[in-house]
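Chemist: Please take these sequences and the hints and turn them into a complete structure.
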Amino acid sequence: MAEAVYCPWRDRTESEGYGGVQTYLWMTKDNVVEVPFEKEHLLEVILDPLNLNKAYQAVMRNDGKGGIDGMSCSELKA
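Just so you know, the sequence shown maps onto residues 455 to 532 in this note's numbering.
Read the hints as simulated data drawn from the structure, not as lab findings.
Please read all numbers here as calculations on a predicted model, not as lab measurements.
Each hint can be trusted.
Taking lysine to aspartate or glutamate and the EDC-like style, the derived pairs with C-alpha atoms no more than 16 Å apart in a straight line are:
| hint | residue 1 | residue 2 |
| --- | --- | --- |
| 1 | K531 | D517 |
| 2 | K519 | E529 |
| 3 | K508 | E498 |
Computed beta-carbon distance windows for the label pairs:
| hint | residue 1 | residue 2 | range |
| --- | --- | --- | --- |
| 4 | D484 | C527 | 39 to 47 Å |
| 5 | H495 | M525 | 22 to 30 Å |
| 6 | D484 | L530 | 41 to 49 Å |
| 7 | L501 | M525 | 17 to 25 Å |
In this text, a Cβ means the ideal position worked out from N, Cα and C, and glycines have one as well.
Modeler: Structure follows, in structure tokens:
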């Protein structure tokens with residue numbers, strides 16, 4: 455009989471879903487290479503216009519539901 459492989463994610467409570475996140479990994483033909491993440495530039499990554507636009511579009515798509523600030527989409531546009 456084959457030995458079971460330990461999967462820590464199976465020990466957690468059930469999630470509502472899986473959200474996409476930045477992994478900072480490169481996939482190459484032969485392996486996965488971790489890209490060094492520089493904490494010093496985190497604010498620049500967050501405030502990047504492409505990142506802000508993606509966040510804005512995500513908020514508009516879900517009509518602002520679930521936002522921690524409780525702001526409606528109409529308030530966001532104002």
